[in-house]
Structure formats: C-alpha cells, structure tokens
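With the sequences and hints as input, model every part of the structure.
Listed in order, the protein sequences are those of chains A and B. All letters in the first sequence, in the order written, are residues 1 to 320 by my numbering. All letters in the second sequence, in the order written, are residues 1 to 320 by my numbering.
Incorrect hints may appear among the rest.
[To be verified] The calculated DMTMM-like cross-link candidates involving lysine to aspartate or glutamate, where the alpha carbons are at most 25 Å apart (straight line), are:
| # | chain 1 | residue 1 | chain 2 | residue 2 |
| --- | --- | --- | --- | --- |
| 1 | A | K111 | B | E107 |
| 2 | A | K97 | B | E78 |
| 3 | B | K97 | A | E78 |
[As the list claims (entries may be wrong)] Partial list, derived from the structure: chain A residues whose beta carbon lies under 8 Å from chain B:
| # | residue |
| --- | --- |
| 4 | L47 |
| 5 | L72 |
| 6 | Y75 |
| 7 | F77 |
| 8 | N79 |
| 9 | G80 |
| 10 | L82 |
| 11 | F87 |
| 12 | A94 |
| 13 | L95 |
| 14 | K97 |
| 15 | V98 |
| 16 | T99 |
These aren't lab readings, by the way, just hints derived from the structure by calculation. Beta carbons: idealized from backbone N, C-alpha and C, even for Gly.
Number of protein chains: 2
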Amino acid sequence: MKKVVVIGGGTGNFVALRGLKRYDVDLTAIVSMADDGGSTGILRDELGVLPPGDVRQCLVALSNSSRLLRSLMNYRFENGNLGGHSFGNLLLSALEKVTGSFEKAVEEAGKLLFIKGKVLPVTVHQVRLKMILNNRKILEGEKEIYLSQDIDKGYKSIYLEPYPKVNPSVIEEIKHADLIVIGPGGWYTSVIPNILVDGVADALRKSQAKKIFINNLMNRRGQTTGFKVSHYLKEITSYIGEDIFDYILVNGAKPSEDLIEKYAEEGELVENNIDDERIILADLLGPMILSSNHDLIRRNLIRHDSKKLAQEIMKIVDYL
Amino acid sequence: MKKVVVIGGGTGNFVALRGLKRYDVDLTAIVSMADDGGSTGILRDELGVLPPGDVRQCLVALSNSSRLLRSLMNYRFENGNLGGHSFGNLLLSALEKVTGSFEKAVEEAGKLLFIKGKVLPVTVHQVRLKMILNNRKILEGEKEIYLSQDIDKGYKSIYLEPYPKVNPSVIEEIKHADLIVIGPGGWYTSVIPNILVDGVADALRKSQAKKIFINNLMNRRGQTTGFKVSHYLKEITSYIGEDIFDYILVNGAKPSEDLIEKYAEEGELVENNIDDERIILADLLGPMILSSNHDLIRRNLIRHDSKKLAQEIMKIVDYL
Chain A
1 MKKVVVIGGG TGNFVALRGL KRYDVDLTAI VSMADDGGST GILRDELGVL
51 PPGDVRQCLV ALSNSSRLLR SLMNYRFENG NLGGHSFGNL LLSALEKVTG
101 SFEKAVEEAG KLLFIKGKVL PVTVHQVRLK MILNNRKILE GEKEIYLSQD
151 IDKGYKSIYL EPYPKVNPSV IEEIKHADLI VIGPGGWYTS VIPNILVDGV
201 ADALRKSQAK KIFINNLMNR RGQTTGFKVS HYLKEITSYI GEDIFDYILV
251 NGAKPSEDLI EKYAEEGELV ENNIDDERII LADLLGPMIL SSNHDLIRRN
301 LIRHDSKKLA QEIMKIVDYL
Chain B
1 MKKVVVIGGG TGNFVALRGL KRYDVDLTAI VSMADDGGST GILRDELGVL
51 PPGDVRQCLV ALSNSSRLLR SLMNYRFENG NLGGHSFGNL LLSALEKVTG
101 SFEKAVEEAG KLLFIKGKVL PVTVHQVRLK MILNNRKILE GEKEIYLSQD
151 IDKGYKSIYL EPYPKVNPSV IEEIKHADLI VIGPGGWYTS VIPNILVDGV
201 ADALRKSQAK KIFINNLMNR RGQTTGFKVS HYLKEITSYI GEDIFDYILV
251 NGAKPSEDLI EKYAEEGELV ENNIDDERII LADLLGPMIL SSNHDLIRRN
301 LIRHDSKKLA QEIMKIVDYL
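So this is what it looks like as structure tokens:
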C-alpha cells in the first residue's frame with residue numbers, strides 16, 4: 001500500500017483527506033499548530049492546551065465513524081460560557097489533560113472516531129505564528145495574520161515563536177512517504193507554517209517521495225492579491241530551500257461569473273502562468289452548495305471538490 | 001438471563017452498578033432527573049438541556065471501555081469559562097443538541113462507552129425538585145435541598161414541578177424486571193425523586209419482580225438525622241403506597257471510630273431497629289481510600305463497597 005502524506009491544516013486539508021479516505025492508501029495528515037483564533041484560541045489561553053481546531057478537522061475528515069459522531073465533533077455550543085466552542089475541540093483538550101500529552105490525545109481521539117490513517121501535529125510545542133510586515137508592523141498570532149489586509153504590500157518575515165522542535169514522527173513519515181501532498185490551504189496560516197518548523201524543509205528536500213503541490217483556488221485579498229501559480233511556487237520554494245515538486249495541480253475550471261463576483265471582495269481566482277510539464281490542469285471545483293460544516297461555509301464557498309482532488313492525486317499514486 | 005433494574009441516581013447508583021456490571025445479568029439503571037447543581041445546573045440554565053450529571057455517572061459505572069475513556073468522562077476542566085464542567089456532561093449535552101433528544105443522547109453515549117445494559121432517565125421532561133418545609137420555607141431545586149440543614153425539623157411535601165410524565169421505557173423495564181433494587185443514594189435528592197414521577201410508584205406496586213431496598217450507610221445531618229432503618233422504610237413506603245420490599249439490605253459492619261468521628265459533622269451511621277426476616281445484615285463497607293472519581297471523594301468517604309454490594313444482590317438473583 002502506498003504511503004501518502006498530506007501536509008496542511010484547516011479546511012484545505014479536510015477536503016483532500018476526505019477524498020483520499022475512500023482509497024486504499026496509507027494516509028498521514030501533518031497538521032499546522034499555529035491556530036489561535038476562535039474556540040481554539042480561547043482553549044489555548046484559558047487551559048494552556050495545544051491548538052485542537054485543525055487536528056479536529058483532519059480527524060473528522062479521516063473518520064469512518066457514524067455521521068452522528070462526525071456531526072458531534074463539529075457541533076458548536078451556542079449559548080452561555082460554552083458558546084462558540086466546538087465539541088471536538090473540547091474532546092481533544094480534555095484528552096490532552098487526562099493523558100498529559102497532545103499526541104496521545106490525538107491518537108485516542110483517532111481511535112474513538114475510527115479514523116483511517118493517522119493525524120500528526122507538526123510540533124507538540126506551544127508556538128505563536130508571527131509576521132513582520134514591510135511597514136514594520138508585527139502581526140501577533142495566526143488570527144491577526146488571517147485577518148490582515150496588508151500582507152500583499154510586502155512582509156519581511158514570518159516565523160514561529162519560540163522556534164519549535166518538530167514532532168519526530170513527522171520526519172519519519174516524510175522520510176518513508178511514497179507521495180507527499182502540500183496544499184491546498186490558508187497560505188500564511190496553514191501551508192507555510194508547517195514548513196517553518198525546524199527540520200521539515202530539510203526532510204522534504206531529502207525525501208525520495210514524489211511531491212505534489214496543490215495550488216489554492218483563490219487568492220486572498222490583502223494577502224496574496226494578484227498571485228499566479230508561479231508566485232505560490234516561488235514563495236513556498238523559498239521556504240523549502242529548493243523546488244522539490246514533481247507535480248503541480250491547478251484548477252482549470254471556472255466557477256460561474258455570479259459566484260466570482262460575489263466573492264470578489266474576498267479575492268480572485270488564481271490563474272496559471274507556468275508552461276511546465278509538471279502542471280496538471282484539471283477541473284477541481286466543488287459543488288457550490290451549503291455544507292453543514294460551519295467551518296467550510298464561513299471560510300470559502302468556491303472550494304476544491306474532495307472527489308475530484310482525490311481522483312487526480314490517485315492517478316499519480318497509481319503511476320508510482 | 002435475569003433482569004435487574006436499579007433505581008437511584010448519583011453516587012449510590014454508581015457503586016451498585018459498577019459491582020453488578022461484572023455479573024451475567026441484564027442490567028438497567030433508572031436515573032433521577034432532578035439534579036440542578038454544579039456543572040449540571042449551569043448546563044441546564046445556559047443550554048436548556050436535561051441534567052446530564054447522574055446519567056454520566058451511571059454510564060461510567062456500566063462502561064466496559066478503557067480506563068482512559070472512563071477518566072475522560074469524569075474529567076473536570078479546571079480553568080476559565082469551562083472550569084467545573086465535567087467532560088461527560090458536555091458530551092451528553094452536545095449529543096442532546098445534535099440528536100435533538102436526551103434519550104437518544106444517552107443511548108449514543110452508551111454505545112461510545114461500550115456500556116453493559118442500559119441507562120434510562122426516569123423522565124425526559126425538564127423538572128425542578130421542590131420541598132416545602134414545616135416552617136413554610138420552600139426549597140427550590142435539588143441543590144438547595146441537598147444543602148439544607150432544616151429538613152429534619154419536618155417538611156410538608158416534596159414534589160417535582162411541573163409534574164412530569166414518566167419515560168415509558170421505565171415502566172416497561174419495571175414491569176419485566178426479575179429484581180428491582182432501590183437505593184442507596186441521596187435520600188431526598190436521588191432516591192425519593194424517582195418515586196415522585198407519575199406512574200413509577202404504580203408500576204412498582206404492580207411489578208411481579210422481587211424488590212430489594214438498600215438502606216443508606218449514613219444519615220445526613222439536618223436531613224435524616226436520627227433515622228434508623230424503620231424510618232427510611234416507612235418514608236419510602238409512604239411514597240410508593242405500600243411496603244413492596246422482599247429484602248432489606250443493611251450494613252452490619254462498623255467503620256473505625258476515627259472515621260466516624262471525622263464524619264460526625266456530616267451525619268451518623270444508620271442503625272437497624274427492625275426485627276424482620278426480610279433484613280439482610282452484611283458487611284457492605286468499602287475501603288476508605290481516596291478515589292480518582294472526584295464526585296465520590298466529595299460526597300462521602302464512608303461508602304458502600306461495589307463488590308460486597310453486588311455479591312449480596314447476586315445471592316438473591318441466584319435464588320430467583
């Protein structure tokens with residue numbers, strides 16, 4: 001069975017993993033630990049736990065449990081002091097307290113949810129994501145970066161503080177992978193933060209696995225405004241240290257003009273500007289329907305389709 | 001397989017159920033729904049859910065899941081807005097919201113915890129337990145009753161408001177039981193509230209099952225001060241409408257003088273004053289060690305022993 005390692009965090013990872021779950025592959029999700037917004041941020045601040053939100057999404061994506069249990073994980077309390085907390089976040093935080101280890105908590109939650117494969121936090125140290133803009137403003141935390149409209153005017157650096165040790169299992173997974181999938185996902189908030197962890201870029205460069213980069217569908221206004229595929233590739237390559245990718249998967253389908261207009265304020269569709277044999281141009285667009293997963297609704301309606309994404313990835317796996 | 005129905009709620013039920021779980025019997029726990037203190041009270045008030053606390057304890061008692069999962073259910077968050085909430089209560093409340101039904105929530109939680117038998121809330125309606133004292137003071141809610149020091153001066157009535165319909169499954173279970181176990185447990189806060197639900201007393205009187213009354217070990221100061229076995233029996237009989245019991249199980253062992261002295265403020269040991277062939281006098285005392293279950297620590301250290309209690313109950317079951 002081929003070993004497929006998916007690196008990301010949040011909704012982008014969710015979509016890819018949910019699609020790949022149906023296939024006969026050995027799946028590992030490596031998850032960014034920079035989240036500090038919403039329910040996750042409150043739990044970090046009040047309980048001193050590691051951020052559960054992105055891990056929760058990956059666990060749900062890989063879960064073979066009942067629909068009810070998956071809904072439960074994403075259920076958000078509506079009232080009182082619990083208001084806004086997702087149940088799955090509380091589960092992971094309570095498990096971290098009971099087991100004394102976030103890794104163990106993720107493993108136990110994985111058993112409860114009958115997940116296919118495994119979910120690994122990229123680091124098990126408390127870190128904050130920070131960014132210094134060209135105007136010298138420092139963005140403190142993933143949430144502030146996520147909300148910033150000034151990143152496209154240039155930034156000096158993005159880093160994790162304190163500089164974290166990698167989870168050793170992550171290095172092992174990258175080393176023994178047959179295929180490594182990077183993206184899609186929040187560019188400065190999920191995809192790049194994984195690469196910022198000590199040892200990850202090095203492991204990626206050394207790994208014999210084939211590597212596929214899945215470009216985001218949409219630019220994010222104020223962040224990646226005007227980016228084309230070459231910009232994404234160049235920027236991630238600068239963090240990895242060399243261009244490691246064997247395949248670059250890019251969406252070639254167009255959403256309706258209505259929808260593009262509706263989302264014009266959030267950002268525009270990413271265009272391909274590379275003429276390169278590594279480029280795979282395919283229809284990757286998901287249906288534009290509302291989902292019961294609140295996170296998906298809030299963050300993006302023009303999004304990748306789980307099945308189409310997985311089909312394209314599996315074409316490569318079958319070829320290995 | 002003999003059908004054993006245990007009626008109570010809270011810690012008393014927990015001890016009996018945990019012991020009976022090891023035996024080859026068809027177990028049902030019927031649980032009082034009057035709790036409104038602590039984490040349970042906050043969830044009732046803020047989320048409008050039914051009280052999860054006593055149900056949680058019964059689920060844990062009957063669980064065949066890992067020790068970790070059972071610890072998780074009883075884990076209480078320590079800080080922030082979540083402080084004081086037990087994880088199991090949050091699980092039941094979230095499941096109630098996701099499924100739209102408390103009964104369904106209890107059933108699903110039972111599956112997650114691999115419970116032996118079943119746990120049934122005595123009613124699925126929102127009720128408050130109230131008590132009118134002889135001095136005309138009205139105690140509003142289970143918590144106020146639990147904390148009152150004036151009940152032993154006499155009360156006019158104890159009732160649930162609004163007068164609740166019984167959970168129909170409860171009547172079925174009582175009807176088809178081979179043995180019904182009532183007690184031990186909080187006298188005015190767990191044991192009697194079950195009998196106050198419309199139809200329960202009637203079903204108990206009609207049931208062909210053998211009935212065993214397990215007398216509490218300790219009186220509760222300000223509540224059952226000076227009670228002997230005859231007082232307990234007389235009072236519960238007044239709510240059931242007739243003396244239905246075939247066996248009355250009473251502790252015959254004495255804790256150390258040290259411990260009795262230490263707990264003198266809480267109450268004194270219950271003495272038997274009945275000369276009746278239904279009385280079974282046995283050593284039912286548990287070890288006086290600290291338990292990791294916070295609820296047990298807080299409420300009582302002189303308590304029944306799960307194994308001894310179950311052994312005595314099983315002697316009767318084997319005789320049926």
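Per the CB criterion, is A94 of chain A less than 8 Å away from chain B?
The hint holds - A94 of chain A has a Cβ within 8 Å of chain B, the shortest such distance being about 4 Å.
Given N79 of chain A as an interface hint, is its Cβ closer than 8 Å to any Cβ of chain B?
For N79 of chain A, the interface hint holds, since the closest Cβ of chain B sits about 5 Å away, which is under 8 Å.
Regarding the pair K97 of chain A and E78 of chain B, is the alpha-carbon distance no greater than 25 Å?
holds, 10 Å
At a threshold of 8 Å, is the proposed contact between V98 of chain A and chain B supported by beta-carbon distances?
holds, 5 Å
Answer holds if the nearest beta-carbon of chain B is closer than 8 Å to that of T99 of chain A; otherwise answer violated.
holds, 7 Å
Need the status of pair K111 of chain A, E107 of chain B: alpha-carbon distance at most 25 Å?
holds, 20 Å
Minimum beta-carbon distance criterion (8 Å), K97 of chain A to chain B:
OK, holds: K97 of chain A within 8 Å of chain B, min 6 Å.
Could you check if L95 of chain A really has its C-beta closer than 8 Å to a C-beta on chain B?
This interface hint holds because 6 Å falls under the 8 Å limit.
Is the hint on L82 of chain A kept, meaning its closest Cβ partner in chain B is under 8 Å away?
Check passed: Cβ of L82 of chain A comes within 7 Å of chain B, closer than 8 Å.
Less than 8 Å between beta-carbons is the criterion; does F77 of chain A satisfy it with respect to chain B?
Where the cut-off is 8 Å and the nearest Cβ of chain B is about 7 Å from F77 of chain A, the hint holds.
Using the nearest Cβ pair, does L72 of chain A come within less than 8 Å of chain B?
holds, 5 Å
For the hint on L47 of chain A, does the least C-beta distance to chain B fall short of 8 Å?
This hint holds: L47 of chain A lies near chain B, its Cβ roughly 6 Å from the closest one there, short of 8 Å.
Checked against the numbered hints given earlier, this structure breaks none of them.
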